[in-house]
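Enquirer: Here is what each chain is made of, one letter per residue.
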Amino acid sequence: MITRKRLAAGVCALLAALTAGIAFPVAAAAGEPTGGTAPQVDLVLDVSGSMRTADIDGGTRMAAAKRAFNEVLDATPEEVQLGIRTLGANYPGDNQKTGCKDTAQLYPVSTLDRTEAKTQVATLSPTGWTPIGPALLKSAGDFTDSASSKRIVLISDGEDTCAPLDPCEVAREIAAKGIGLTIDTLGLVPNTKMRQQLSCIAEATGGTYTSVEHADELTDKVNQLVDRAADPVVTPVATEGAGTCATAPTLKSGLYTDREEFTQQRWYRVDVDPGQELRASVSVGADRTVNPSYGVLLRAVTVHGREIVRGEGAGNGRTDVISTGLRYPKADSDDEDAPAETVCLQLTNSFSAASGVKTTPGLPLELTVDVVDAPSQASDVASFGLGRGWWLLGVLILAGFVAGLLWGWLSRWRVAVWRTN
Amino acid sequence: MRITSALSVSLLLLGLAVAPAAADSSPTPTDSASADGDAPTQAGTSFRTATEVEQGQTATASGSTGDYLYWSFPADAGQRPTVKATVKLPETHAAQTWQVDVYDGLRRRQSCQYGAQTRNAAADSSSVELACTLRTVRAWSETWANDPLPGTYYVRLTAVGLTTADLGLPVGTEVRVDSKDIGGSAAVDGSLAEPLVPGIAVKSEADKDGSKDSAVLSAIEPEDGWSSGWWSDRWVWTAIGGVLAALAGVGGYALTRGSGRPHRVPPSA
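The listed protein sequences derive, respectively, from chains A and B. The working numbering puts the first residue of the first sequence at 7, with every later residue one more than the last. The working numbering puts the first residue of the second sequence at 6, with every later residue one more than the last.
Please keep in mind that the hints were generated in silico from the structure rather than gathered at the bench. Remember, it's a predicted structure, so these values are computed and weren't measured experimentally. Some hints could be false.
Residues of chain B placed beyond 10 Å of chain A at every Cβ, according to the derived structure [to be verified]:
{"id": "1", "residue": "D72"}
{"id": "2", "residue": "K89"}
{"id": "3", "residue": "Q122"}
{"id": "4", "residue": "R124"}
{"id": "5", "residue": "S130"}
{"id": "6", "residue": "T138"}
{"id": "7", "residue": "E228"}
Covered, in the sense of this in silico footprint (three residues per stretch, anywhere, with C-beta under 8 Å from a C-beta of chain B), are these stretches of chain A [stated by the list, open to error]:
{"id": "8", "segment": "323-330"}
{"id": "9", "segment": "380-393"}
Ideal placement from N, C-alpha and C gives every residue a C-beta, glycine not left out.
So here's chain B without its partners, still in its complex pose (with noise of 0.2 Å):
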């Protein structure tokens, strides 16, 4: 009996041990793509026209300063995406003040939890890195609240304090957003019956008319699709707090019995 009892507890220590193992390895890291050979090299100058980009690929465009440039790119449940971007100044200029913006796919602006969002650049300094790290992106919200849901995002980047003499000079822009997986801790139940992609139902409407010649505000989707959004590491903790409920179960109820006989019971009875 003190064998079964010892087992059992360190059956449970083991457990403690193995859940958050198990638990913190199930969500898959985002994919970083080296596909970098047909990552965008133009940017778009509108919502409508924004460049679409995927997570992982560092886009690059050619503009003037004062352009303002979108690209967009897609995010899913349980990601936190981070935009990078790098401006490359001309050689001569006067001090500019950059900024990128993220907005999601109902064109809301997020805001950043951090990262250098707007940076003033130096007179004749030769680039500017900005970054913005949205929060993690949930699979369902309230509607009145304004949290980023699953969907499109567009990336906005430009120049919002300049001089007249600096209008319309050269400047090279790369563009990179990669997320981080937060996992089941950003997990909340409902989803979202289509993911916040502009356009989605006019898409769907061509679909099923079987109609070609339609171009679409966005056709954005991640690499391995929308996430049904039913899978996070809830139900391993879950699982395994069951599992170890239940030995500390027949640990309680094993101690109670002492050497297996109530000891006021003869032992020829």
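Chain A on its own, in the form it takes in the complex (with noise of 0.2 Å):
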């Protein structure tokens, strides 16, 4: 009777786990990530007269960037949202002022008509000026959804024409607003001075910057860009931390971006319940040239002043970013209702301008921040406190003889006491 019951319960318990086993997968699924707006992607094309050159596997520029462009939107993912905007198309005058206005929209940034878009870079000639910047400044409007990820991708062939306005300032402004925007370039058959303000573009924004020889290497890359801008990615949150901690805004689990100029503090506050812990990390990036020995340093403390714990980060040398990070477990109160600690997050970069770079608008940070359970303590730096190797079985052997012996001796006098008595 007994071994039926136990057989009936085992054959619940194997019913029971196979269930679970069946139902997790489909809950894992649920949890996936899937992209949530859909990306947005503004392709700028320079159309200026340098673009008739014929030096791209001999056929002019322009050709070769009109047979990229045709395959990237036979290629472009459906749920990319493609605009095309020109520079240089249309002003073929020697006036630098109008020449430098000469961008314009050629295929709104929208779910595309491939055909239509097609249509309309067929109908494109090399006219004019290279207005990088204004046509940077203007494609920056062209995204319409705000909460979507954007990325320019810029194709030129010359450096911008239109001095004093600095189109890797532009570019560095444009990051600045916070709007979650990437700008890639593209420099087809590039002097030094073009890949050094094209790479200056891509860098103050978090792009890439490629040379472009051939026209496969054209095709290849942007559709390698627009295929990035599919993956769904988490957008952070823009918050403004404070100069004091008493005035800093609280931050929940989340990711967000803010800027911090140079020698500049910011303060954030996180509420940590007892029994959790919080996990900060912070990347501050280089976003124009710095100095070459940098650092970041991330201090969590509190509302006293005093220090819990710090998270340094210190390099040299070309880098795009200088991260760090810290936790803070929150030992358990026995008092059911006791308060959230605040935790203030003190951060200070040491990134310092090289010379003639603005030192405004500040760096870019990211910063995460997640509050979860606290882990457990460990009372013994092993293990469960368990051993492990010869010396210890030597010395439990050793203990253990020594132990029988005493024991045996011990029962031998007892016995003989026991007889001469």
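Starting from the two chains in their separate frames, assemble the complex, guided by the hints.
Expert: Written out as structure tokens, the structure reads:
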């Protein structure tokens, strides 16, 4: 009877385990990330006079660009909203002022009508100036959806001809608006000055710069960038840290962006309940030329100014970001309704601007905050206080042997005493 | 009686011989996944967009000189990950310096125990190989320590020294992470309630709400899930130690008994 009951219980447990096993993957699938709002890409193409030069695989630069655009338009994923903007396409004259306003939206950022877009691209012919800065400014306004991820792909064959407006600074200004925009740049048959300018634009927004010498490379790269835009990513929330803890914004778990000027401090507050662990990590981006030694310091401080824990990062040489992080587990409290502790996070950086580099706007920073359950405290260094190795075995054997001997002698002595009496 | 003690001594010896074999065989080596078919062919360009790679997969990506390429991989307690990166350089280029950096889930830079983390590529050399072996990932450490903990790890590959003329040239990259299982010798007490996966608090909230449309910072997990952290070969060692101690105790006791009777007691008693 008992055996049968046990068997039944066993079958039940097995069934339960199986059901759990089947149910679990479904739950896991539900939590998988999918793209939120449609990612938006704006292709900005240089149609200046120099695009007539025939030095890409025997054809003109313009022909290579048109071919690449046709292939990219065919390969663009459905979910991506794509737009096309031109620069230097309409004004053939010599007046710099007019020439530098010459940028037009060829195809608006929207769900792609491939035929329509291709027809528009076919009409282009190399004409005017290279107003990169103004084109970028206009392009930033082309995006319609504020919540989506945005990417500008700039294809150019010459440096900006619209001084004194520095396109690199324009890019930095756009990025500082906090709209989550990345600018990738492609240089067609570039020279040194152009490489510097285009990679400076890319660096200012966390994008990439690529030199293109062949038509295939152009197609592949633009496709790669459009695909990259289609990958779902977390959009950070813009926040603004304060100069002191008392006035700092209170953050919950999530991803945040902010700007921090050279030598500036940023404070944030996070509420941590007893039995929870605060995890914060921060990266400060070097979006302009900085001096080769730099660092970042993140401190968790109580409201009274006592430092709890700090994270430090330092480095030298070429870099995109310098990052660090910290964690702070708050001990469990016996009191059921113990209040949450306010932890102040202080962020400082030791970047310094290279000579002649503008210090405003501040450097971009990214802050992740996670408040999770706290870890169990360790009472011993070793796992559960267990031992391991030959010394442990030796000691145990020796101790056992000595204990056996003593016990044996003791019992012999007892028997002898008993016998004598 | 002599037979018994001889037997216990030989058992002891046998135990000594078997113990390490049993103990050392308990950790399972990392599954060298042969699933390269779905290995990523892209790389991210920031911590936020890092491409997720599993251990044992060879991830490839094409990029440009000057790009900062990011991947992320999961590492669990007891593992000692080695990151290997190969960069295929273009046909003509000046001398360049390449570097691979590894960061943990808190974006703290992790030191390499050994491996050529930074290497110079001479002008016109065809490729450069980099490697970085991390410290063993521990299940728990002090808050103030920088020890590697279970969770997401980021790999950043970039050229740290290059000339302007080399900016933007096409390069091919390959990254692979393999782990050595260190086993019980690295087993520590305590464990993290949640692995150091960025955005895990946001993710669990989203799971509770049942909202589907949120991308996460890192959805990474080892193939067979995060280890619970209670098992280590220390259990085997300690248990065998206990058995051997008991046997040694019996042996010691038997020695004091001699032939079985105190010799002063007459046989007739």
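Enquirer: Go through the numbered hints given earlier and state which of them the structure violates, listing their numbers in rising order.
Expert: 1
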